[in-house]
Amino acid sequence: MVEPSAVSPDAPSRIRSPLLTQRWLDLAFLHWAVDPAAVSGLLPRGTVPDTYDGATYVGLVAFRMHRVGWLRLPGVPYLGTFPETNVRLYSVDAHGRRGVVFRSMDAARLIPVVMGRVGFKLPYLWSRMAVRRAGDTVTYTSSRRWPGPRGAYSRLTVRVGERIAEPTGLEHFLTARWGMHNAFFGEAGPSAYLPNDHPRWPLHRAEAVVREENLITAGLPAPEGDPVSVLYSPGVPVRLGRPARPAGLPTP
1 MVEPSAVSPD
11 APSRIRSPLL
21 TQRWLDLAFL
31 HWAVDPAAVS
41 GLLPRGTVPD
51 TYDGATYVGL
61 VAFRMHRVGW
71 LRLPGVPYLG
81 TFPETNVRLY
91 SVDAHGRRGV
101 VFRSMDAARL
111 IPVVMGRVGF
121 KLPYLWSRMA
131 VRRAGDTVTY
141 TSSRRWPGPR
151 GAYSRLTVRV
161 GERIAEPTGL
171 EHFLTARWGM
181 HNAFFGEAGP
191 SAYLPNDHPR
201 WPLHRAEAVV
211 REENLITAGL
221 PAPEGDPVSV
231 LYSPGVPVRL
241 GRPARPAGLP
251 TP
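Per the numbering used here, the very first residue in the sequence shown carries number 1; after that it's consecutive.
Per label pair, the in silico range of CB-to-CB distance:
hint	residue 1	residue 2	range
1	G135	H95	40 to 50 Å
2	D136	E212	18 to 28 Å
3	V76	P199	20 to 30 Å
No lab work stands behind these hints, which were simulated from the structure alone. Backbone N, C-alpha and C fix where the C-beta goes; we use that ideal spot for every residue, glycine too.
Can you build the whole structure from these sequences, using the hints too?
Laid out in structure tokens, this is it:
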């Protein structure tokens, strides 16, 4: 295993022929520090927990997906636009590629949920969701419909603070993730890596004024205490590449 790549707020390379394009808007990032041993068994084959100062993290990320588009086609206004809330872990593979592993991906559109589950083997779940902004607060609500566990929910309200001129190393570690690890080719095979690129995150300090949820404990041990990091971003345009097999060779 090679050394993990350096944590960088800028994408390591530009994706010239994207598989998907989209915008991620009105993002709230909540994070808890956890012992790597507590989550190592939940990561795909070929990956281990990525750590910062000895700890890894559980992330709860709520946002608006906007105009998902295939290849270079225009983004879709209705089916490609919906609220989403993800529970994620932090991973690194034998090639040093840092990424995220999604434990759940609640989304408000059924067709994208089915496409994500069938086409990409991602843990998408259909939920009733809304994102509402009032002044300096943003509220995200979610109630799971299918496939379950039914009743898994979240209600988050964050108060957005000042823009961060110089994010800390940890803040870059938690947000500047340039790909995901997933068993795109079936659970029996090793993980593959799907890269992304986007402009540097515009990040703001934030405060979680309401946090009621059980999305994390629906698939993970409960983290202790309040989140150690709460951030907000107005969003970025994103380009996703094609899944690469563990050896780094693009899929056909």
